[in-house]
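With the hints as constraints, model all of the structure from the sequences given.
Residue numbers (the numbering used here), protein chains in the order written: chain D, 1 to 111; chain U, 112 to 426.
To be clear, the hints were calculated from the coordinates, so they are not data collected in a lab.
Each hint should be verified, as a subset may be incorrect.
Claimed, not checked - Quick partial rundown of chain U residues pointing at chain D, CB under 8 Å, derived from the structure: (1) Ser133; (2) Thr181; (3) Asn184; (4) Ser232; (5) Gln254; (6) Phe329; (7) Val330; (8) Ala336; (9) Ser341; (10) Arg342; (11) Ser344.
To be verified - Using C-beta positions, here's what the derived DEER-type ranges look like: (12) D/Glu67 / U/Arg196: 42 to 48 Å; (13) D/Arg73 / U/Thr412: 36 to 42 Å; (14) U/Gln214 / D/Arg73: 35 to 41 Å; (15) D/Asn80 / U/Gly174: 48 to 54 Å; (16) U/Thr176 / D/Gly60: 34 to 40 Å; (17) U/Lys303 / D/Asn68: 54 to 60 Å.
Virtual Cβ for every residue (Gly too), placed ideally from N, Cα, C.
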Amino acid sequence: MTAATPLPIQSPKPKVKPDMAVEVRIPTILRPHTGGERAVQADGATLSAVIDDLEKNHEGIKERLLENGQLRRFVNVYVNDEDVRFTGGLDTEISDGDTVVILPAVAGGAA
Amino acid sequence: MRFDSLVDSVGHTPLVGLPNLSPSDDVRLWAKLEDRNPTGSIKDRAALSMILAAEADGSLTPGCTILEPTSGNTGISLAMVARQRGYRLICVMPENTSTERRQLLTMWGAEVISSPAAGGSNEAVRVAKRLAEENPDWVMLYQYGNRANADAHYRGTAPEILEDLPSITHFVGGLGTTGTLMGVGRFFRDHKPDVRIVAAEPRYGELVYGLRNLDEGFVPELYDASLIDSRFSVGPRDAVRRVRELIDHEGIFAGISTGAILHAALAQAAKAVKSGERADIVFVVADGGWKYLSTGAYEGTIDEAEERLEGQLWA
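So, in structure tokens, the structure goes:
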């Protein structure tokens, strides 16, 4: 049966670890920093590195997110929908293809 | 079961297994049916607890007017209790909540003041705080900061679950006022600290977040992050998909916020399966779907439902 296996059409993934490309969704209030874009690409192996990379292309955004090296109180960041405050904060590891969502903290739920 | 009055019947809700959605005999899901409370939501517990506490400490006396910011459910619960005990109730509710909630509040005797849709519940809280300042004789129970809200779950919801399912490993609840998770979280930290506490928070559309300045966000005063272990943000698409699975596979007709909670519960179940661990995951059915039929979440395709929920406070 192995003889009949067709050759793969796509070449296998490179062994070298590529840059971690992730999509970062930007809340309305921060879009002046991204030229109005709702989502931008960034690279980095940790959330901290992703934010540094964002700052390179969108100056001033880091200061809106961080204060004294910590996420600001009313800024929530989610990697693949999970709040990073419970996954290692700024050290949260990022993998290729992850989605990072930045949102202001709001009152919610069926209160 | 016999009770002296309706409010005496709050709590002691069923815990039911989900044989079809549970991945295996070792990883099981259990639904705590809070829609079986007198007004059909988990909020009956918090409302009754807050009123009893305010009566006990003397801040609520006969003839008082109660003021509360609510997206509907807590208001409905408060209205049911307040009317029977002779209090007037004024609710501040965002205008982008479902029409059923408004009608029910009015039926149970509450007066409704609308707050602007933009900003969602934050705005309702802001308006209510201003009204409380202008009317110092009104009593704002303030579910977002009232310890009696969380206590209702410390004394009721959590011990009921532990009694019914001593092998519980995870509790998954919705994050709004944070009362459920804080009360249940504190109970398990005290009585069975290996239980993981998981929060599912609804993620709304642009309208709700649009005008928020990052410096003036809102974190409920009750919230203590040390009482939970992980927190998921769930958008309307996943919430609707799950709420439909719940009715398709288990016959449970739940509100949209429960879909978000189930989504987080299933994520925990998948993790447990992957790591080969046993898990008994309890999640909250916060209310039934009846109050949300007009949102359009229960008919047509998922795409259509998602589109209809844009701009609504669906949980």
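Satisfaction of the hinted span 35 to 41 Å by the C-beta atoms belonging to U/Gln214 and D/Arg73: 37 Å, holds
Supplied distance hint 36 to 42 Å, evaluated on CB atoms of D/Arg73 and U/Thr412: With Cβ atoms ~39 Å apart, the hint holds.
Hint validity - U/Ala336 Cβ closer than 8 Å to any chain D Cβ: 6 Å, holds
Closest C-beta approach of U/Asn184 to chain D relative to 8 Å, hint status: With a minimum Cβ separation of about 5 Å from chain D (threshold 8 Å), the hint on U/Asn184 holds.
Supplied distance hint 34 to 40 Å, evaluated on CB atoms of U/Thr176 and D/Gly60: Cβ of U/Thr176 to Cβ of D/Gly60: about 47 Å, so the range 34 to 40 Å is violated.
Chain D contact restraint on U/Ser341 - CB to CB distance below 8 Å: For U/Ser341, the interface hint holds, since the closest Cβ of chain D sits about 5 Å away, which is under 8 Å.
Interface hint status, U/Ser133 versus chain D (Cβ within 8 Å): At about 22 Å, which exceeds the 8 Å cut-off, the nearest Cβ of chain D leaves the hint on U/Ser133 violated.
Supplied contact hint for U/Thr181, tested at 8 Å Cβ to chain D: U/Thr181 check passes; min Cβ-Cβ to chain D is 6 Å, inside 8 Å.
54 to 60 Å as the expected CB spacing between D/Asn68 and U/Lys303, which holds or is violated: 36 Å, violated
Cβ separation of D/Glu67 and U/Arg196, checked against the hinted range 42 to 48 Å: 46 Å, holds
Status of the U/Ser232 interface restraint (C-beta, 8 Å, chain D): 4 Å, holds
Interface hint for U/Arg342, Cβ within 8 Å of any Cβ on chain D: 4 Å, holds
Violated hints, listed in ascending order, are 1, 16 and 17; each of the other numbered hints is respected by the structure.
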